[in-house]
Amino acid sequence: MSIGHTLLGILESGPRHGYDLKRAFDEKFGHDRPLHYGQVYSTMSRLLKNGLVEVDGIEAGGGPERKRYAITDAGITDVEQWLATPQKPEEYLQSALYTKVVLALLTHRDAADILDTQRSEHLRSMRILTDRKRKGDLADQLICDHALFHLEADLRWLELTAARLDKLREAVAR
Amino acid sequence: MTTSPPGSLLTAQDLRKTYGHTHALDGAEFSIHPGEVVAVMGPSGSGKSTLLHCLAAILPPDSGSITYNGREVTTMSDAQRSALRRSEFGFVFQFGQLVPELTCVENVALPLRLNGTSRKEAERAALGWMERLEVDDLKGKRPGEVSGGQGQRVAVARALVTSPRVLFADEPTGALDSYNGERVMKLLTDAARSTNAAVVLVTHETRVAAYSDREIVVRDGKSRDMERAI
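Chains as they are written, first to last, in full-length UniProt numbering: chain A, 1 to 174; chain B, 1 to 230.
Do not rely on the hints blindly, as some may be mistaken.
[As the list claims (entries may be wrong)] Here are the simulated lysine to aspartate or glutamate pairs, EDC-like style, with alpha carbons at most 20 Å apart: (1) A:K133 / B:D190; (2) A:K133 / B:D213; (3) B:K186 / A:D110.
[Said to hold, decoys possible] Chain B side only, calculated, beta carbon under 8 Å to chain A, not exhaustive: (4) P43; (5) R183; (6) K186; (7) R207; (8) A209; (9) A210.
In short, the hints are calculated from the structure, not lab data.
In this text the structure is predicted, and so the values were computed from the model without any measurement.
Cβ atoms here follow ideal geometry from the backbone N, Cα and C, with glycine treated the same way.
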């Protein structure tokens, strides 16, 4: 999962402090692996350097200064491109896909579109394997079948998610 | 006047079909070239079977255009559409396609017999297709005496015996296990490619769709061509 893109996506709904960003990330995507503060601040410095976010304001308090970050137009384009690019089929793909789907819903983009594009990318891999299988010997067939069943499992998850998009949209909006 | 993509054999544009208040097709588009296998995918109730039935001249759409080989299908009479289906199209469905009283070779020969071919000639051609689908040893058996996978391969042979230019397959492996389903798909697509027939394959199974060249996704009666989408 791309932490940078996820934080950028969260920022699309409005400027936030680093602490708020971490809290929003952990709540939606962190589950059993919350972000460290260090990760948030190092990621934000990188995004700042690349012009994808800007400092929207600085609050001076009793402790260290608190920067408030806002996404730039270049940042919005970057999120847009990331969401539209299908993930390379691989193990534990669903965590990256889940993040994309939730971010699309959070930012009012078409989540079904992301799932369609991903299905197509998976099918592309499945066609290559199927072609190898039809031309190959029994060993080829068995090896390709193993990979095909794994890809099919991803796709089943994808179809189920597509069928539950309305419920997920409600849950995300809460 | 509508235009078809260059070289396409069958094209549909802006198809609409309503059942009561349900929009089964809501501006669906489709095109297929000779020798191409296109999977039509989408959730249950999305309109994929309605799209297939419209493309196959079984069901007239409420509006929109369907062009087959340069001819507008939607303005054809029932008799013309029926003749088109008999002479140019082949069909494979999920269930109940074979006539139980006839032997397998008689079933495969049936479309040729209905077109006026002699029994001897029709059964000779039927046997040729049964060999390609690896079911020639079942020629004297009746459908009730063969397995689901064998019966489906007999049905594919019957669909191809008239050398159709378009084969319509609606969930052709839906009632089969993985092994038999894949065997049917391999033989079906090999046979279709060898005759340059186009195949419109409606399926919700991705392993079956992987035998296609490209896919379109139907959702809420609207289609999306994934090759053009990426």
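List, from low to high, the hint numbers that the structure doesn't satisfy.
3, 5
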